[in-house]
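> Top line first, the protein sequences correspond to chains R and E. For the first sequence, full-length UniProt numbering gives the first residue as 1, with consecutive numbering after it. For the second sequence, full-length UniProt numbering gives the first residue as 1, with consecutive numbering after it.
Possibly wrong hints are sitting among the right ones.
Quick look at which bits of chain E chain R covers, simulated, 3 or more residues with Cβ under 8 Å [stated by the list, open to error]:
| id | stretch |
| --- | --- |
| 1 | 47 to 61 |
| 2 | 71 to 84 |
| 3 | 200 to 208 |
| 4 | 217 to 230 |
| 5 | 236 to 245 |
Quick caveat, the hints were computed from the structure, so don't treat them as lab data. For every residue, glycine included, the Cβ atom is placed at its ideal position computed from N, Cα and C.
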Amino acid sequence: MGALTLGRLALAAGLLGLLLAPWHGLEGGVDALSAWPGGDAAPLLALLLDGSRWWLWPVVGLLGLATIPIVAGRSSGGLVASTGLALLAFVLVQGQAIGLRGLRWEWLAPLLGAPPAQQALGWGGALVLAAAIGLISAGLAQRGRFGGDAFIAFLVVGSGALLLLFVFVPLIVILSAAAVEDGHVAPGALAARLAAPEAWSLACVTSHQGCGVVWNTLLLAILAAVSSTLIGLAFALLSARGGVRAQPAFRAMTMLPLITPPFVVSLALIVLFGRTGLVTTALWEWFDIPRSRWIYGLPGVLLAQALSQAPIAFVLLEGAVRAIGPSLEEAASTMGARRFTVFRTVTWPLLRPAVAACLLLGFVESLADFGNPLVLGGDFDVLSTRIFFAIAGARHEPGRAAALAILLLALTFGAFALQTLWLGRRRYTTVTGKGDSGAPAPLPRGLRIACGSVAWPWMAFTAAVYGIILIGGFVHDIGRGDMAFTWRHILTGFAVEWQDGMAFRGSAWDSLFTTIEVAAISAPITAGLGILLAWLLARQSFPGRGTLEFLTMLSFAIPGTVVGVSYIMAFNEPPIELTGTALILILCFVFRNLPVGVRGGIAALAQIDKSLDEASATMGAGALQTLRRVVLPLLRPAIVAALAYSFVHAMTAVSAVIFLVSARHNLATVYIVGRVEAGEMALAIAYSTVLIVVMLAVVLGIERLVGRAQIGRRAAPAGNLVA
Amino acid sequence: MASRRSAVFAFAAGILAAVLPGAARAQGNLTVYCSVQEEWCRPMMAAFERATGVRVAMTRKSSGETLTQIRAEASNPRGDVWWGGTGDPHMQAGQENLTEEYRSPRLPELQPWAVRQAEQANFRTVGIYAGALGYSYNTRELERRRITAPRCWSDLAKPEFRGEVQVADPNTSGTAYTMLATLVQVMGEEPAFTYLRALHRNVNQYTRSGAAPARAAATGETLVGITFLHDAVTQKIAGAPVNIVAPCEGTGYEIGSMSIIRGARNMENARRFYDWALSPEAQAIAGTANSFQLPSNRASPIPPQAPRFEDVRLIDYDFARWGSAEERTRLLTRWEREVRAGAR
Numbered sequence: 001m002g003a004l005t006l007g008r009l010a011l012a013a014g015l016l017g018l019l020l021a022p023w024h025g026l027e028g029g030v031d032a033l034s035a036w037p038g039g040d041a042a043p044l045l046a047l048l049l050d051g052s053r054w055w056l057w058p059v060v061g062l063l064g065l066a067t068i069p070i071v072a073g074r075s076s077g078g079l080v081a082s083t084g085l086a087l088l089a090f091v092l093v094q095g096q097a098i099g100l101r102g103l104r105w106e107w108l109a110p111l112l113g114a115p116p117a118q119q120a121l122g123w124g125g126a127l128v129l130a131a132a133i134g135l136i137s138a139g140l141a142q143r144g145r146f147g148g149d150a151f152i153a154f155l156v157v158g159s160g161a162l163l164l165l166f167v168f169v170p171l172i173v174i175l176s177a178a179a180v181e182d183g184h185v186a187p188g189a190l191a192a193r194l195a196a197p198e199a200w201s202l203a204c205v206t207s208h209q210g211c212g213v214v215w216n217t218l219l220l221a222i223l224a225a226v227s228s229t230l231i232g233l234a235f236a237l238l239s240a241r242g243g244v245r246a247q248p249a250f251r252a253m254t255m256l257p258l259i260t261p262p263f264v265v266s267l268a269l270i271v272l273f274g275r276t277g278l279v280t281t282a283l284w285e286w287f288d289i290p291r292s293r294w295i296y297g298l299p300g301v302l303l304a305q306a307l308s309q310a311p312i313a314f315v316l317l318e319g320a321v322r323a324i325g326p327s328l329e330e331a332a333s334t335m336g337a338r339r340f341t342v343f344r345t346v347t348w349p350l351l352r353p354a355v356a357a358c359l360l361l362g363f364v365e366s367l368a369d370f371g372n373p374l375v376l377g378g379d380f381d382v383l384s385t386r387i388f389f390a391i392a393g394a395r396h397e398p399g400r401a402a403a404l405a406i407l408l409l410a411l412t413f414g415a416f417a418l419q420t421l422w423l424g425r426r427r428y429t430t431v432t433g434k435g436d437s438g439a440p441a442p443l444p445r446g447l448r449i450a451c452g453s454v455a456w457p458w459m460a461f462t463a464a465v466y467g468i469i470l471i472g473g474f475v476h477d478i479g480r481g482d483m484a485f486t487w488r489h490i491l492t493g494f495a496v497e498w499q500d501g502m503a504f505r506g507s508a509w510d511s512l513f514t515t516i517e518v519a520a521i522s523a524p525i526t527a528g529l530g531i532l533l534a535w536l537l538a539r540q541s542f543p544g545r546g547t548l549e550f551l552t553m554l555s556f557a558i559p560g561t562v563v564g565v566s567y568i569m570a571f572n573e574p575p576i577e578l579t580g581t582a583l584i585l586i587l588c589f590v591f592r593n594l595p596v597g598v599r600g601g602i603a604a605l606a607q608i609d610k611s612l613d614e615a616s617a618t619m620g621a622g623a624l625q626t627l628r629r630v631v632l633p634l635l636r637p638a639i640v641a642a643l644a645y646s647f648v649h650a651m652t653a654v655s656a657v658i659f660l661v662s663a664r665h666n667l668a669t670v671y672i673v674g675r676v677e678a679g680e681m682a683l684a685i686a687y688s689t690v691l692i693v694v695m696l697a698v699v700l701g702i703e704r705l706v707g708r709a710q711i712g713r714r715a716a717p718a719g720n721l722v723a
Numbered sequence: 001m002a003s004r005r006s007a008v009f010a011f012a013a014g015i016l017a018a019v020l021p022g023a024a025r026a027q028g029n030l031t032v033y034c035s036v037q038e039e040w041c042r043p044m045m046a047a048f049e050r051a052t053g054v055r056v057a058m059t060r061k062s063s064g065e066t067l068t069q070i071r072a073e074a075s076n077p078r079g080d081v082w083w084g085g086t087g088d089p090h091m092q093a094g095q096e097n098l099t100e101e102y103r104s105p106r107l108p109e110l111q112p113w114a115v116r117q118a119e120q121a122n123f124r125t126v127g128i129y130a131g132a133l134g135y136s137y138n139t140r141e142l143e144r145r146r147i148t149a150p151r152c153w154s155d156l157a158k159p160e161f162r163g164e165v166q167v168a169d170p171n172t173s174g175t176a177y178t179m180l181a182t183l184v185q186v187m188g189e190e191p192a193f194t195y196l197r198a199l200h201r202n203v204n205q206y207t208r209s210g211a212a213p214a215r216a217a218a219t220g221e222t223l224v225g226i227t228f229l230h231d232a233v234t235q236k237i238a239g240a241p242v243n244i245v246a247p248c249e250g251t252g253y254e255i256g257s258m259s260i261i262r263g264a265r266n267m268e269n270a271r272r273f274y275d276w277a278l279s280p281e282a283q284a285i286a287g288t289a290n291s292f293q294l295p296s297n298r299a300s301p302i303p304p305q306a307p308r309f310e311d312v313r314l315i316d317y318d319f320a321r322w323g324s325a326e327e328r329t330r331l332l333t334r335w336e337r338e339v340r341a342g343a344r
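Chain R extracted, bound-state conformation (with noise of 0.2 Å):
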């Protein structure tokens, strides 16, 4: 696209924002606009026109300014560029300096005098920065940067303030309340609350009391991400090399638990093994084993956690045993190596890079999981319950929250750190292109053994557990024992009345009809932005490309309870307000669910040869064209994974949405939590069991509508190419 094109593009929405679009946001939804072009939905040639917004005339002096040399066709990018980054500049600054009780630059009240109250910026707002954007992006590729071309300007400074403005702005927010205390900045309150004794004492070691939150938290996530991963190989192996025949089953069992709403599994283990749990008494009753309280704390969590972690090790591990190539290892057993030696010599080597990266997964995800710790933590306290309860406890401690946000950030980074240092620099390259016929080699039989002895168990309790889950929402009162069937609490939450047409009665449909709403919408968004923003980082080169990356990434490291405050912290006010709004909850989902889908469609250009790329460009295509004609079509298994992902994660969050949610967009989740708090498992589980049919039949219809996902080498067919 040449730089030309987009700067008329985005004069075009300026246009649009200057004269027909509302400036501010629509308080009263959809019905103000009857209103335009005056009232509530007035664009910004009625507010200039009527001297309401007199000190925005700069907007139509600053887009005039840079029509000249579009217009004419002359370059001189680096006028164009300076004024998009004016514009930029002056619309977000005023709405800083005149808010909702008018001047709030006390400073500026010589020049300005006083001006009136000024909302939200609306669509009109929205329109003319993204022209401000359009034209940043025009200018540089006017003078040759990005190679010149103005599309990927557009993508790299587009991206690039959306992230910046949707995940960088609010973690400031929060982290800089850290160091304020009683509304002054004080850095001795911040080094007080970062090495509080509630993180690190190390009482436990000397006494009966607990640690500190950082230890308990590190502790957990190691214990879990350790088990979870070698669960996972077990599986793995088995699966791969085992000459097992329980494909469908091992496949079930690592799609129910990503479908699984939190608290869920928490609650199932309640049942089972709390001290009244129906295998507790059967333990009690039969083998006098006393009942204990063993499932509240670090076990329980634990437990919990392994459920769902286990089978994406599983996933992962099992697509690195299948990607060694066999011929490695018959060379090895022609050499003489007996079964073990080449599994513990060739094998297992190659699969570190693996099982690093599901360490690390499971490390993270332990890290940041709020659901099971809260539902069986009992005394047992991790950082992201401490972070909820400092903010919506009985003591309202926003600076003591936001410390603790930062030793659990601290502690996300150090993990990747760690990574990147024991994979080091060396290679780990299988998949070389060269053929790799030849037979696996099968496993070892004292490991097939013991793979054999965690695996079925691990199976069997997995089915327990989804079994509670299934028959919770059907009987009585399962906590209790209480095994009568019922359609009660179905009908509690799912009734559906004819009252002149359809009625929707159960409690549950408003936010279950919101939840898949917003997941419906943030899902392609998050595909689509995560799939470009991959290709940008992997096949293009810019300056700025780490920072990029870098600001991708980060929104995966924190935690959704902070995330969550950050986001009501920095978007209830204008210039930019989205509290109360459905808009917030798609914004939260699209960038926390970011980095899955940026990661996946890394992963996915690696297996495709540059070359095609470099045809392409050969032939005279230009870079939209290049990634529409080719490597999109590529990347369909990528595609349907980003979008399968975050649609899930969507309807599964609830730590980063608590806070957000409102009146009229409430969430299943939070719904969920609620139930739970109130003691109504019942009714928790039954609607949770509707979402995991729903969120069932949604991920096996885009894998219908698409085509299945598959990771690695040979995912790709052919045919795709003639597509």
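Once you have looked at the hints, place chain E on chain R.
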């Protein structure tokens, strides 16, 4: 096929209805933050809509979460009325100037405890129900262990209840803080902390949610759960084998409250809701929604299952003093240092 199509159609219509804000709104809107159980929130809002034609948007969140939200939104409030939830956060919101002063014409109809609380809060909040603190025990577990049934606070500190008492953490739960303040008022501060240290050895878990111990006692996960009595009644009515105890030394209570949020966008309707929610008709909904607190209007019918205040030795709970931020922080810090940190 036709049914499938109509189902798809209905689904799409549902989504549309969720996306587009309603068309006809002759009587305007009201946004309510509701902090009692969902089961009670819903019929209340539906009844108000029926009575007035005002469209109500309601969010249910615990009182702590709601206070956080109101604070965060203070410069640009989203909600109009905060209905329900224990009184302390409401008092706190009043102190922080987050809520609006309003004297309802129905004030003279209210119980004396409700009027007194409203006066203490400078009419920034008003009581809508009250519930006494106490505990419930699982009768089956009690028989199994052959322990005599507890009747008083002091019984719970006896060695036979070792590891069998559950109570919420006062740092996260208003219920547990009420217990802390109650014991200090019943026994005096020093003896109260001696008692709490003894009780600490018997506590198996400090839960985060205030009502959770009632549920745990109902399922037998713990023998004794300290909660508000009406939470235990809800479990008993659902068929759980529990007995409910109002401690013999006397006990404190909470006043579930209601406040109008400062800067509410629908002030007119907020006042309308406020007056309506204090009427006997509105307060009668509680009993039908499995909520067995005592209503604040003297003319409201008391649900027959509700624990009556006549049968409970109530102390003269000083909401202004024990609800204030300083006293609260002092007690909590002391509890954290002297009780929670102790060995079990």
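> Examine the stretch 217 to 230 of chain E: at least three residues should have C-beta closer than 8 Å to a C-beta of chain R.
With 5 residues close enough to chain R, the hint holds.
> Please verify the coverage claim for the stretch 236 to 245 of chain E: does it have three or more residues whose C-beta sits within 8 Å of some C-beta in chain R?
holds (count 3)
> Count the residues of the stretch 200 to 208 of chain E whose Cβ falls closer than 8 Å to any Cβ of chain R, and tell me whether that reaches three.
holds (count 4)
> Confirm or reject the coverage of the stretch 71 to 84 of chain E by chain R under the rule of 3 or more residues with a beta carbon closer than 8 Å to the chain's beta carbons.
holds (count 7)
> Do at least three Cβ atoms from the stretch 47 to 61 of chain E come closer than 8 Å to Cβ atoms of chain R?
With 5 residues closer than 8 Å to chain R, the stretch 47 to 61 of chain E meets the three-residue bar; holds.
Hint check: no violations occur; every hint is consistent with the structure.
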